[in-house]
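A.B. asks: Protein sequence lines correspond, in order, to chains F, B and U.
Residue 364 is where the first sequence ends in the numbering used here, and the numbering goes up by one at each step.
Residue 713 is where the second sequence ends in the numbering used here, and the numbering goes up by one at each step.
Residue 1019 is where the third sequence ends in the numbering used here, and the numbering goes up by one at each step.
These are computed hints drawn from the structure, not numbers from a lab.
Beta carbons are placed, not taken as given, at the ideal position from N, Cα and C, and that holds for glycine.
Any given hint could be a false lead.
Think about it this way: if two alpha-carbon atoms lie no more than 27 Å apart in a straight line, the pair counts; the simulated BS3-like pairs of lysine-lysine are [to be verified]:
hint, chain 1, residue 1, chain 2, residue 2
1, F, Lys65, F, Lys146
2, F, Lys340, B, Lys387
3, F, Lys65, U, Lys831
4, U, Lys753, U, Lys775
5, B, Lys541, U, Lys753
6, F, Lys38, F, Lys217
7, B, Lys417, F, Lys65
8, U, Lys830, B, Lys417
9, U, Lys830, F, Lys92
10, B, Lys417, U, Lys831
11, F, Lys337, B, Lys387
12, U, Lys753, F, Lys65
13, F, Lys337, F, Lys356
14, F, Lys38, F, Lys65
15, F, Lys356, F, Lys213
16, B, Lys387, F, Lys316
17, F, Lys298, B, Lys570
18, U, Lys753, F, Lys100
19, U, Lys753, U, Lys764
20, B, Lys570, U, Lys753
21, B, Lys541, B, Lys600
22, F, Lys217, F, Lys207
23, F, Lys326, F, Lys356
24, F, Lys145, F, Lys85
25, U, Lys831, F, Lys100
26, F, Lys126, F, Lys207
27, F, Lys92, U, Lys831
28, F, Lys145, F, Lys218
29, F, Lys218, F, Lys126
Here are some chain U residues the structure puts well away from chain B; computed CB gaps all over 10 Å [stated by the list, open to error]:
hint, residue
30, Thr751
31, Lys753
32, Ala754
33, Lys759
34, Ile772
35, His779
36, Arg795
37, Thr800
38, Gln811
39, Leu815
40, Thr838
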Amino acid sequence: MAEETRERVLSIRDLDISFDTSNGTMNAIRGVRLDLYKGETIAIVGESGSGKSVTAKAIMGIMAKNQHINGGSIMYSYTDDEGRKETLDITKMSEDEVRKTICGKHIAMVFQDPMTSLNPTITIGKQIMEGMVDHYHYSKEEARKKAIELLDDVGIVDPEKRFGQYPHQLSGGMRQRVVIAIALACNPDILICDEPTTALDVTIQAKILNLIKDLQKKKDLSVIYITHDLGVVAQVADYVAVMYAGRIVEKGSVDEIYYDPRHPYTWGLLSSMPDLSTNTPRLFAIPGNPINLLNQVKGDAFAARNPYALQLDFEKQPPMFNVGGKHRVASWLCHPKAPKVEMPHSLRVKIDNMLKEVNAYGKQ
Amino acid sequence: MSEHVFTSVTDVDLTPEELAELKLVNESPDEFEAKDTYEVTGFWTDVFARLRKNRGAIVGFALIAIITLLAVFVPLFSSVTYKDANIDHAYLPPKVPVLEKLGILDGIDENGVDLYAEAGLPDGTYYLFGTDSMGRDMFVRLWNGTRISLLMALLAVLTDLIIGMSYGLVSGYFGGKVDFLMQRFVEVLNGIPSLVIITLFALVLKPGMISIILTLMITGWIPMSRVCRAQVLKQKEFEYVLASRVLGSSNRHIIFSEIVPNVLGQVVIMSMFSIPSAIFTESYLAFIGLGVRAPMASLGSLVSTGYKSFLAYPYLVIIPIIVLGTLMVSFNLFADGLRDAFDPTMKEM
Amino acid sequence: MKRIALAVVTLFAITFLLFLLMEFLPGSPFNDEKLNETQKALLFAKYGLDKPFFTRFFIYLKNLIHLDFGVSYVITIDLPVRTMLATRLPVTIRIGLQAMILGVLIGLILGIIAALKKNSAIDTTATVVSVLGFSVPAYVFALLLVYFVAFRLQWLPIRYNARQPFISSILPTISLSMYIIATMARYARSEMIDCLNTDYILLAKAKGVTQPRVIRRHALRNTLVPIITVVAPLTVGIITGSVVIEQIFGVPGLGQLLLLGVTNNDYNVISAVALVYSFLHIVIMLVVDILYGIIDPRIRVAGGEK
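Next up, chain F with everything else stripped away, as it sits in the complex (with noise of 0.2 Å):
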């Protein structure tokens, strides 16, 4: 099969993590299973509150103070500098060992927000060096050197300039560009987008993605987007993980969520997603809120939002269920003897429509 040749990077299994808050124990990430092999980009869907970030934020080590690890493990494979294979569990290893041997110099990370991911009392070029300097112990001049040529990879005009600059004296798509920069400072293996996109205006948000798309390519990178945005999702990334309330809903190939959606949750994403090619009278919400995690969740979290639950998913958690190909879905509608539910009529013309475009570009 394929599969052999394809190099995992990353493996996520069972990941199990709460917070201690005043009003109890938050179960804020709830059993997350995902793989990420090598130069390939894995998309991580979800609306906030469901568990992406806190996600991203434990690969990287990245802990809050009242944050539990309480099961699974985050093994992440490199090559050392001798060609030895290795592999880390990131859950049992000390902040500060992550810190020191993984981050940045194996898995890099690209922030929401470029206005506030800068520090703004310090020029960009040393922001840059600061982490070639901590890892690989750079002398100045190479540093320099180098994050100029960095400044120039990621596209920024006249890099010579902008090096002594402070981050107020760049645009919001110039700075997420050196963001991006700093993530590569140290040749990565893996790099994390967190919503890369989402505090941009619209006209650089493409620009930044085909950056990030290049770079990967260049650089032989696998890729994790952490992104509510579907939208950005279809053009970037290989696979696709559904999120909500902390558990993987559904997985599989871009094709196979786009064009077979399975989860209700899903389609209600999708349904959501503006497009021009439907008329649709008014834009579809997924009802009601996210569930208080801080309550312990019976049965499928999503069951209390969703018109198609039964009443199976009141009482007893979904497994992951098998349909086929990469696809995974968890929800009860997945099991040979459950009701035959279709998806929503104007999803399915939406997902028609999608397909009559992609054939026709195929056909040219």
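The hints should help you fit chains B and U onto chain F, whose structure is shown.
C.D. replies: Relative to the frame of chain F, chains B and U by itself:
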């Protein structure tokens, strides 16, 4: 297999009951409406709930309540008043029932002389907080003084609130030239250290309670007006104010119906912080000899009179200082709690 | 430049305001009952007090430019106020500076440690200290120090003594610095906590910068910048606190002079001290403003590019 382990399956064996439950809850999914999973609580309910959870605020509030009650009721129900002097009873140290048996606060000085017996007092006479140079009962004087201090602070803060709020509202809302002029005026006033202004005003006005209250107002309103102006400037940017303006509401309507309710929280917090600072200023005035005139007493004047014979009769100053300090700490704790209750964003996570 | 102009205008306005207030002071410096009307009139003429208000104001202003604050009418008759200020100002400034340095240092350290060890015993202690220092007036600490440290333990002198200027200024310094410690600790703690929650700290962590370096390079600097703005109002606290503290410890400083002026109705002394206080206040605000611009590149660069 633990509950969280997720390996994919194609089929799951279910009990017959579970199989029976594999059916849709809603007959017509298209007309589905989700019940809200969160309780919706009002803004003020939330504020009070958060306030109740804040230990500092609760302690502060309790102390304020106790001190206020004592200040209101002790002078009402005691047999002597704050100005009843009895020279024979001058400088008697505190003597408290019960505690005297432990050998503390028993009215006996370091040399073993029973000062109460020496003054010719029958057994069973107690001055809980001792007496001052004129033989006035300090217990009554203290609580009466607390009453005066609280009253002055309250009045000063109330007037501050009115002046500061209107100043801030007008300056912030109308903006432009009005704002510019009004802000320059505040800047000049702010350029003088407030205690200098206060001292001068206290000098100019005839001594007395009203003058002290007026003096407290002189600079007291400035912080309030600042907070208010900043809030108005912030609120003005919000769509709801724009919407109201587009709909043709009058300035008065926008200010009082749209902006004021949203500024109120900040103003309440601010006034809570102003009370201790008014009490402090009053005690400062008393200290430099511009406070209330004897025999009337305020917390500040008790401290400053007691300070003169501090080393000989420390109880005369220590007790009012404790009350003054407690009162100020309590107000600050309560105000802090209130601020956190209004703006909980920084608290969690 | 604009700021300096504004400061000058403010100073002018303050001078006028002070002069106007003096006009309304009840009584006059010459309330001695032995003086008859003619003698009083002579005194008024001697000091130029018989001239119209504005004439007097302009004379006062003109003299001010030459740092001439007039003479004392009561305390030490005919002694130039400038001479009085010259001996007293250095003492006040020295003790004020001592208190400032002590307070800022201890306050910052306390606040930063409290923020780093949030919800620990140190944090609780720092909170208690800052609530106490913030709400209890300085003279209360002064009285407690006098009673326990100076009177009971006899470790340090009770009164200020010009022959032992440092030893005898320790207690006044500590009393004055309590409020600064409290305010500093409070601000430093909340600024630091805010700072540790920012995205750029997250980014620094994601870069793989170790925790001590994250704090040293990123958090500390950004915590200190806004704290400079707190320093200005604090100096006002020092100025106002000094009036009472100097009285308690018998420090021959400006505050004591102000009180002497107030009790003796000595016009020129009162307005001179008030002016010096205001001047100090305005200058400090100005310096802090400028300093803030130098430290924070957001303001510095924006200004430089114009």
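A.B. asks: Starting from the hint list further up, note which numbers the structure goes against and sort them upward.
C.D. replies: 1, 5, 12, 13, 14, 17, 18 and 24
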